[in-house]
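Peer 1: Protein chains in written order, with our numbering: chain U, 1 to 252; chain Y, 1 to 252; chain Z, 1 to 78; chain W, 1 to 78; chain B, 1 to 353; chain X, 1 to 353; chain V, 1 to 184; chain D, 1 to 184.
It should be emphasised that the hints constitute simulated quantities derived from the structure, not laboratory data.
Don't take every hint at face value.
Covered by chain Y, according to a simulated footprint, are these stretches of chain X (three or more residues, beta-carbon under 8 Å) [stated by the list, open to error]:
hint	segment
1	40-53
2	58-70
Calculated lysine-lysine pairs in the DSS-like style (CA-CA distance at most 30 Å, straight line) [unchecked claim]:
hint	chain 1	residue 1	chain 2	residue 2
3	U	K146	W	K46
4	D	K126	X	K270
5	D	K126	D	K181
6	U	K14	X	K208
7	B	K270	V	K80
8	U	K194	W	K38
9	X	K349	B	K303
10	U	K194	W	K72
11	W	K72	W	K38
12	B	K270	B	K205
13	W	K72	U	K231
14	Y	K14	B	K232
15	Y	K231	Z	K72
Simulated coverage check for chain Y against chain X, where a stretch passes if three residues somewhere in it have a Cβ under 8 Å from a Cβ of chain X [what the hints assert, rightly or not]:
hint	segment
16	25-37
17	95-108
18	120-134
19	212-224
Don't be surprised by glycine CBs; every beta carbon is placed ideally from N, CA and C.
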Amino acid sequence: MNPGQEKLVYTLPKCMNDIPTHFCPGCHHGIIHRLVAQAIDEFDLQDNTICVGSVGCSVFIYNYIDVDSVEAPHGRAPAVATGVKRARPENFVFAYQGDGDLAAIGLSEIIHCANRGERVTIIFVNNTVYGMTGGQMAPTTLVGQKTTTSPYGRREDKEGYPLKMAEILGSLEGTAFSARVAVNNIKNILKAKKALKKAFQVQLQDIGFGFVEFLSACPTNWHMSPLDANKRIETELMPYFPLGIFKDKINE
Amino acid sequence: MNPGQEKLVYTLPKCMNDIPTHFCPGCHHGIIHRLVAQAIDEFDLQDNTICVGSVGCSVFIYNYIDVDSVEAPHGRAPAVATGVKRARPENFVFAYQGDGDLAAIGLSEIIHCANRGERVTIIFVNNTVYGMTGGQMAPTTLVGQKTTTSPYGRREDKEGYPLKMAEILGSLEGTAFSARVAVNNIKNILKAKKALKKAFQVQLQDIGFGFVEFLSACPTNWHMSPLDANKRIETELMPYFPLGIFKDKINE
Amino acid sequence: MSRIEINTLRCKGCLLCTSVCPEDILIQGDDLNTNGYKFVICDETKKENCRGCAFCAEICPDGVIEVYKTVKSKKRDS
Amino acid sequence: MSRIEINTLRCKGCLLCTSVCPEDILIQGDDLNTNGYKFVICDETKKENCRGCAFCAEICPDGVIEVYKTVKSKKRDS
Amino acid sequence: MSENKERLLVKGNEAIAIGAIDGGVECYFAYPITPQSDIPEYLSRELVRLGGEFVQAESEIASINMVLGAAACGKRAMTSSSSPGISLKQEGISYIAGSELPAVIINITRGGPGLGGIQPSQGDYFQSTRGGGHGDYRTMVLAPSTCQECYDLTIWAFDLAFKYRNPVLILGDAILGQMKEPITRWKEREINPNEGAEWRLTGKKGRKQRILKSLYLDEGAMEQHNLRLYKKYKSMETDLKWEEFMVQDADVIAVAFGSIGRIVKSTARKLRGQGLKVGVFRPITLFPFPYERIRELARSGKKFITIENNTGQMVEDVKLALCGICDCGFFANMPGKVSTPEDFIQPIKDQFN
Amino acid sequence: MSENKERLLVKGNEAIAIGAIDGGVECYFAYPITPQSDIPEYLSRELVRLGGEFVQAESEIASINMVLGAAACGKRAMTSSSSPGISLKQEGISYIAGSELPAVIINITRGGPGLGGIQPSQGDYFQSTRGGGHGDYRTMVLAPSTCQECYDLTIWAFDLAFKYRNPVLILGDAILGQMKEPITRWKEREINPNEGAEWRLTGKKGRKQRILKSLYLDEGAMEQHNLRLYKKYKSMETDLKWEEFMVQDADVIAVAFGSIGRIVKSTARKLRGQGLKVGVFRPITLFPFPYERIRELARSGKKFITIENNTGQMVEDVKLALCGICDCGFFANMPGKVSTPEDFIQPIKDQFN
Amino acid sequence: MYQDVIIAGFGGQGVMLIGNILAYAAMGQGLNVTYMPVYGVEMRGGTANCTVVISDEEIGSPIIFHPRSIIVMNQPSLNKFQPRLVTGGLLIVNSSIVDTSSVPKEKYKTLLIPVNNIADKLGNIKMANMVALGAWLGATKAVDIHHIEDAMTKMLSSLDHKLIELNKKALQEGFNIGAKKSEI
Amino acid sequence: MYQDVIIAGFGGQGVMLIGNILAYAAMGQGLNVTYMPVYGVEMRGGTANCTVVISDEEIGSPIIFHPRSIIVMNQPSLNKFQPRLVTGGLLIVNSSIVDTSSVPKEKYKTLLIPVNNIADKLGNIKMANMVALGAWLGATKAVDIHHIEDAMTKMLSSLDHKLIELNKKALQEGFNIGAKKSEI
Ligand SMILES: Cc1ncc(C[n+]2csc(CCOP(=O)(O)OP(=O)(O)O)c2C)c(N)n1
Ligand SMILES: Cc1ncc(C[n+]2csc(CCOP(=O)(O)OP(=O)(O)O)c2C)c(N)n1
Ligand code: SF4
Ligand code: SF4
Ligand code: SF4
Ligand code: SF4
Ligand code: SF4
Ligand code: SF4
Ligand SMILES: [Mg+2]
Ligand SMILES: [Mg+2]
């Protein structure tokens with residue numbers, strides 16, 4: 001290419017459909033969707049992937065990422081993914097779940113899936129609320145945080161402390177990779193990409209269960225502007241939900 | 001009392017009914033039932049206790065321990081106990097669950113109950129199999145152990161490793177006491193009594209959730225004589241499931 | 001001499017008690033009870049040694065054993 | 001000079017892009033698009049400084065931005 | 001509607017929550033799901049303020065089992081959800097029925113099957129009236145069609161639950177849950193400290209142990225238990241409830257429940273305007289079902305058409321009522337289709353031929 | 001029964017497991033529960049030996065959802081359980097039906113409600129035939145009455161599941177699951193690698209993306225979906241199946257299914273011995289139900305009695321069939337009561353008056 | 001007395017609020033009323049709408065497929081609901097942002113009102129919804145304006161007094177326009 | 001040809017095994033047969049029983065409330081099942097451990113056989129069940145003994161040859177006694 005010549009350096013990932021999203025302004029789901037799609041492209045997996053969608057604001061993931069997809073009932077994506085992977089071990093299988101989905105109703109399924117060491121990759125979007133249903137308390141809601149069902153703020157002696165899924169799953173033998181990342185700034189986005197890559201690799205290399213927890217903003221239900229919500233990730237979420245890698249069998 | 005005079009030093013706890021048990025010969029459920037009953041007597045709780053039974057070989061606990069009782073569906077005792085305790089915080093509430101009940105179908109309920117710090121006490125009997133239904137694999141079945149549904153032995157790469165519930169629950173903020181004990185010999189029985197006492201105290205003193213995991217023999221489904229089964233507790237279970245206290249807010 | 005009472009009708013012959021008795025007093029008998037179990041009995045030759053420690057009763061899954069302890073004559077009344 | 005293209009119809013005016021642009025090129029405009037959002041535009045005065053770093057595009061939740069980089073003339077062709 | 005009392009403009013969901021409060025609910029356990037989340041949102045605020053217990057459970061299964069626990073203590077306990085969530089509660093509901101405990105369960109349905117959608121639908125009629133769980137049990141089922149009824153029937157539901165020691169289900173849909181209408185509160189919240197004193201768990205102090213369970217293994221015990229339950233379900237017929245709207249002189253009676261019931265009333269008014277004698281029969285208790293009254297009306301020579309927002313469920317009950325007298329027409333408003341009075345004009349007219 | 005082929009003496013549960021293997025099951029997911037645990041026990045050994053997948057799931061919910069996943073890949077997938085476990089699967093079954101996926105679900109029932117007991121019962125008829133889950137869906141329901149039928153119908157169930165892309169339920173009880181009887185295997189296990197090639201998920205290589213889901217939010221979409229499903233359920237009537245036993249000249253026909261069906265046949269033989277012309281009609285497909293054939297028989301003047309091991313469920317279908325022609329007697333053998341042919345003699349005799 | 005209306009616009013335009021105020025006012029006047037919002041994920045799309053039915057008789061259906069009047073605050077709402085309006089029905093259009101050339105005028109009683117601009121002039125573009133509601137009232141006289149004002153005071157109680165007064169002014173302004181325009 | 005039998009005793013007495021062998025043998029002989037065990041928690045109690053029905057016609061009920069014959073290996077089983085035996089039915093009692101004074105003799109064809117002692121004498125008390133099965137066969141002739149032997153060989157395949165031979169001997173011994181006693 002000649003100097004001065006223009007090159008398209010950033011556009012939608014190949015496996016993503018070029019359509020408007022249904023997300024609210026400033027919702028991180030959109031960013032996370034794209035990171036997942038980039039990873040699929042990077043490993044050239046579009047033709048070979050089966051996506052397991054879940055119920056939550058990400059319910060339309062199959063509209064955005066152009067891969068074969070099946071819809072799991074609320075919380076059951078890890079079980080559905082297990083069924084898919086056992087049926088077609090030759091496929092790359094990932095599921096995408098919210099924090100209500102994964103840490104509340106689906107807690108048993110995710111732990112057992114990880115513990116069995118299923119060769120699947122789980123993308124976990126922790127936005128500390130039930131987004132889709134209008135901002136109710138989630139198992140990851142911070143202590144003191146007001147939601148529509150914790151109108152007086154989450155009380156640690158009644159509702160307990162937020163669950164740290166990346167740590168809990170990281171402690172299980174079957175988990176080959178577990179990390180917590182964020183997409184609130186460019187540095188963290190780069191780290192998130194690396195983590196995603198590893199969570200893909202542990203499946204592709206038949207090592208075990210792969211897991212990435214994303215801290216994610218929900219401006220709508222946090223009742224914040226998108227920019228303030230984005231800031232909250234760092235100021236309020238990270239102190240309780242530290243970013244980091246909690247298990248990495250590739251580097252062991 | 002005069003020297004040479006006789007004194008009854010061991011008989012059934014006051015709150016236990018004097019009836020034959022339905023357990024198989026050498027089953028530890030019988031010992032654990034009695035330890036629980038002794039603790040109830042010790043704290044003088046018989047009149048004030050509500051017991052939540054579960055589904056498993058211990059399903060008839062209410063026939064043996066003479067306290068008000070309600071029967072929970074398989075795995076849901078922690079949720080039922082939550083309902084009971086919220087309804088009647090003035091009562092002492094305990095549930096008694098097997099490993100299939102607590103660590104398989106009821107995993108979500110026990111973790112959330114502990115995480116909320118519900119003021120209830122959970123007695124967990126880990127005999128590494130589904131006793132009542134005839135010896136199927138449990139989440140606590142040891143790697144390599146043959147059961148009726150793991151006829152080739154539990155395979156770590158397909159079924160994963162046994163879950164260590166006392167450790168997992170101990171790691172949650174809401175848990176005030178968590179320990180693993182055994183009743184295979186007198187020394188361990190004494191330790192078990194102490195642990196039980198603390199698991200009662202954290203509820204009585206409104207500190208949080210109390211949990212005791214008992215390693216328990218199931219001669220029938222281990223296809224062992226009662227004595228051999230009793231030995232297996234030490235030779236095979238303890239190396240993987242170490243006895244110990246994993247959380248103790250009383251001593252903190 | 002302390003002593004134990006065995007409710008032989010309820011004994012299931014699991015022998016756990018035999019594994020903890022410091023004096024090896026408990027042994028399996030030859031008879032079946034009405035439930036078809038070979039219940040344990042006291043070894044008549046050792047019976048006298050019973051310490052009343054209640055280990056046997058503590059471990060018996062079926063609550064079959066009651067223990068009577070005799071206060072040692074050396075001790076003062078209390 | 002590198003440059004970006006903004007699909008203003010799809011922009012939701014969240015302004016995340018403005019928070020990461022090292023050159024502060026992106027600003028909120030005054031107009032609403034057909035979805036009722038005040039979409040972002042390039043600050044015409046700073047536009048030229050665009051580095052083609054694609055930070056804005058990386059963070060945009062709605063995939064609104066495409067980035068075209070101009071190969072620096074100092075570098076050799078590759 | 002009393003003109004003197006203050007009227008509140010509230011959603012059906014809120015009317016249910018307010019009805020629960022005035023009906024004396026002490027413990028409420030739920031898990032969010034559209035289109036009923038206003039109920040937990042309201043009660044997390046108001047019930048907690050009044051000193052009641054609200055737990056947002058980790059799942060629908062946990063919440064129904066918390067209800068079981070609180071109900072065993074003789075408390076007025078409630079849970080609410082929507083179709084898929086209610087499916088998940090089926091095992092628990094069966095246990096509550098089997099253990100003969102009182103409980104109020106709200107189902108503000110959505111369209112199914114599966115994830116379906118949050119549109120109005122009456123697809124859960126069978127599940128509600130035939131005991132979607134296992135075993136031969138029944139829940140009482142009440143179907144409101146206005147916000148006022150949402151309030152009234154919730155209060156009644158608690159009374160019935162304790163009268164029969166049985167779960168009582170309120171079956172609404174997205175229209176009822178989401179629409180706002182004025183309601184009048186007519187009941188003061190009161191908690192009866194002696195309710196269930198004969199059977200509830202309190203610790204056995206001063207009396208014999210109580211065991212609340214559904215396990216019956218001894219020979220003949222389960223048979224007896226089932227027979228007793230069966231008789232209890234039969235006895236519920238003393239609490240039948242329905243609305244008759246212009247049936248007296250009607251030639252054709254449209255049978256419809258819940259939100260469709262009110263919409264069909266609009267249709268009937270329109271058709272009366274066209275000179276057609278149309279009446280509406282709206283069952284309010286879906287179980288027990290007012291078979292006898294329908295049979296009576298049929299004997300007087302009227303024609304029937306059932307209209308539902310599903311592919312045909314209550315129509316079976318109407319047919320069972322009409323058995324041997326006449327048949328029943330049926331019009332299926334497909335789940336997901338938002339119905340308007342116009343939709344039902346032709347189907348009803350067709351009955352006149 | 002061919003006398004040449006080797007006969008195996010197996011439990012009904014095992015016959016189902018063997019039927020699953022010969023029917024080409026590739027993935028089986030289950031959770032233990034009496035009285036069906038022989039199925040996972042058999043398949044954990046034999047299916048795994050043949051290279052199939054068996055996962056003992058952590059719960060009934062997980063297992064039905066694993067079935068959903070495997071079914072989405074076009075595999076012959078199965079789960080089995082018993083009443084309370086089946087209640088827990090209702091949400092998943094509704095999703096599978098809503099997503100139009102093939103699956104075989106075995107319910108070897110116990111007595112309910114609640115924990116109930118492991119005694120024989122037919123208390124889950126409504127749940128099975130009316131879609132115990134939410135929404136307007138149906139599962140095909142097959143009711144074997146011998147171990148041979150356990151085997152035969154399991155094979156057929158897989159074929160039907162793929163034919164209709166719908167869950168097919170086998171409804172047995174503790175008698176059938178636990179009794180041993182000789183069976184003859186007549187089918188070789190074969191796996192069709194192209195089954196479901198038009199819709200299954202394999203990765204999109206070489207074609208457009210496929211989405212298997214039950215969510216329909218766009219205006220009119222759910223309505224259309226429900227309409228299509230409704231038509232599909234109607235079309236299942238081409239696969240109706242039942243047994244007629246001495247009905248030709250019968251004055252009274254006893255209608256009974258499953259294990260009760262075979263026991264009533266013994267009663268009929270006894271009554272024939274007493275000179276009473278009794279026949280037995282045994283529906284084998286419970287959904288779709290053979291309404292038309294029963295109606296036909298009724299038109300020829302026969303009397304009917306339904307006998308069930310519950311308080312009256314299938315009798316509603318028989319009544320719906322007979323609607324307007326005649327009524328139907330009913331005898332309830334209470335769940336938990338182990339029935340013998342003698343129990344039914346008097347009730348049937350009573351029909352002759 | 002019977003009246004129904006569908007009110008539709010962008011999420012931020014306050015269409016649900018004026019629907020609520022209208023319903024509340026109707027109740028205050030002793031009428032029967034139903035208010036039916038869209039709900040759930042439908043709201044994520046960025047448009048919102050609600051239906052209000054007012055009557056002195058029992059109200060059957062709270063859902064109206066062919067409304068007697070509609071208030072459309074943006075283009076997509078016009079496109080969606082105008083075809084369903086009954087012939088001769090009342091069509092109130094926010095002409096500040098809707099392409100008025102696309103508005104059919106013959107079949108309906110059409111009021112093109114630049115509610116955004118009017119509100120802007122009054123001091124706050126956010127009150128455009130009140131102008132629209134006022135216009136509808138002026139045209140239909142379905143509910144007394146003082147009941148609307150009471151309802152408004154109750155619903156906007158979190159705002160300071162001055163803002164409420166401004167809102168009332170916007171309502172009145174709209175009412176006047178509506179009344180005048182519909183006389184023609 | 002029709003025959004049914006309930007076989008009952010303690011868990012360890014092998015009653016399920018002989019029920020299975022009998023069913024298997026009947027199948028080998030080309031007959032229809034059903035075998036119905038008790039199952040689940042009922043077995044925890046320590047007693048076990050099963051029902052075998054053999055017929056050359058289709059078998060309706062595998063469950064028999066009034067059996068034509070019963071084999072009771074212990075006292076509780078006698079107490080439970082004897083009252084249900086049809087008048088004139090065959091009652092085989094393990095008289096080694098059952099209180100024979102409690103056995104009614106007139107109403108039934110009663111065979112008191114000390115199967116424990118016989119088995120013990122033959123070398124292993126565990127074969128008492130085979131003696132009892134043999135006795136039943138001797139009395140009923142329901143199935144050819146060689147089919148029983150085939151079935152036994154198949155079912156006991158894990159045992160060594162010598163033990164199988166011993167079991168056959170026990171069966172034969174029982175058969176002889178049963179045949180002889182029932183001639184009387
Ligand atoms: C069984 C069941 N229960 C409840 C719901 C309602 N529901 C849909 S999404 C959701 C939670 C969404 O929260 P989360 O998983 O955190 O995802 P987010 O929307 O925040 O991304 C709930 C409770 C459902 N669809 N199914
Ligand atoms: C929903 C449901 N699923 C399954 C069962 C069957 N079941 C009864 S007990 C049990 C497991 C028993 O194992 P465990 O909890 O370990 O207790 P144990 O008998 O070993 O003491 C199972 C699976 C049931 N009753 N309900
Ligand atoms: S509600 Fe929250 S999570 Fe859902 S789309 Fe909006 S911002 Fe995103
Ligand atoms: S099966 Fe196992 S756990 Fe159950 S009673 Fe017997 S020995 Fe105990
Ligand atoms: S009390 Fe102690 S010494 Fe006496 S028999 Fe028991 S264990 Fe042995
Ligand atoms: S421990 Fe108890 S049951 Fe076991 S042998 Fe000893 S006395 Fe008998
Ligand atoms: S590419 Fe870089 S410099 Fe250019 S506008 Fe985007 S963030 Fe700014
Ligand atoms: S990040 Fe994207 S959607 Fe947000 S303002 Fe920038 S371009 Fe618009
Ligand atoms: Mg969330
Ligand atoms: Mg266990």
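Peer 1: With reference to the structure, classify each hint as holding or not holding.
Peer 2: Hint by hint, here is what the structure shows:
Evaluation of the coverage hint for the segment 40-53 of chain X: fulfilled, as 5 residues show C-beta separations to chain Y shorter than 8 Å, against a requirement of three. Closer than 8 Å: that is the beta-carbon criterion, and the segment 58-70 of chain X has 3 residues meeting it against chain Y, so the requirement of 3 holds. Among the hinted pairs, K146(U) with K46(W) is inconsistent with the structure: their alpha-carbon atoms are about 41 Å apart, more than 30 Å. Distance check on the hinted pair: K126(D) and K270(X) sit about 40 Å apart at the alpha-carbon level, beyond 30 Å; violated.
Between the alpha carbons of K126(D) and K181(D) the distance comes to roughly 23 Å, so the proposed pair stays at or under 30 Å and holds. With a C-alpha separation of about 14 Å, the suggested pairing of K14(U) with K208(X) holds against the 30 Å cut-off. Taken as a hint, the K270(B) and K80(V) pair is honoured in the structure, with Cα atoms around 26 Å apart against an allowance of 30 Å. With a C-alpha separation of about 34 Å, the suggested pair K194(U) and K38(W) falls outside the 30 Å cut-off, and the hint is violated.
The straight-line distance between the Cα atoms of K349(X) and K303(B) is roughly 37 Å, outside the 30 Å bound, and the hint therefore fails. Of the supplied pair hints, the one linking K194(U) and K72(W) holds, its CA atoms being roughly 28 Å apart against a limit of 30 Å. Of the pairs offered as hints, the one joining K72(W) and K38(W) is violated, with about 34 Å between alpha carbons and a cut-off of 30 Å exceeded. A hinted pair counts as satisfied when its Cα atoms are at most 30 Å apart, and K270(B) with K205(B) does not qualify at roughly 64 Å.
Restraint check for K72(W) and K231(U): the C-alpha separation of about 34 Å exceeds 30 Å, so the hint is violated. A hinted pair counts as satisfied when its Cα atoms are at most 30 Å apart, and K14(Y) with K232(B) does not qualify at roughly 38 Å. Taken as a hint, the K231(Y) and K72(Z) pair is broken in the structure, with Cα atoms around 34 Å apart against an allowance of 30 Å. A stretch counts as covered by a chain when three or more of its residues have a beta carbon under 8 Å from one of that chain; for the segment 25-37 of chain Y and chain X the count is 0, and the coverage is violated.
Coverage of the segment 95-108 of chain Y by chain X holds [criterion: at least 3 residues with CB-CB distance below 8 Å; count 4]. For the segment 120-134 of chain Y, the assignment as covered by chain X holds, since 4 residues bring a beta-carbon within under 8 Å of that chain's beta-carbons and 3 suffice. Using a Cβ-Cβ cut-off of 8 Å, 0 residues of the segment 212-224 of chain Y lie near chain X, which falls short of the minimum of three, so the contact claim is violated.
The structure fails to meet hints 3, 4, 8, 9, 11, 12, 13, 14, 15, 16, 19 from the earlier list, while all remaining hints are met.
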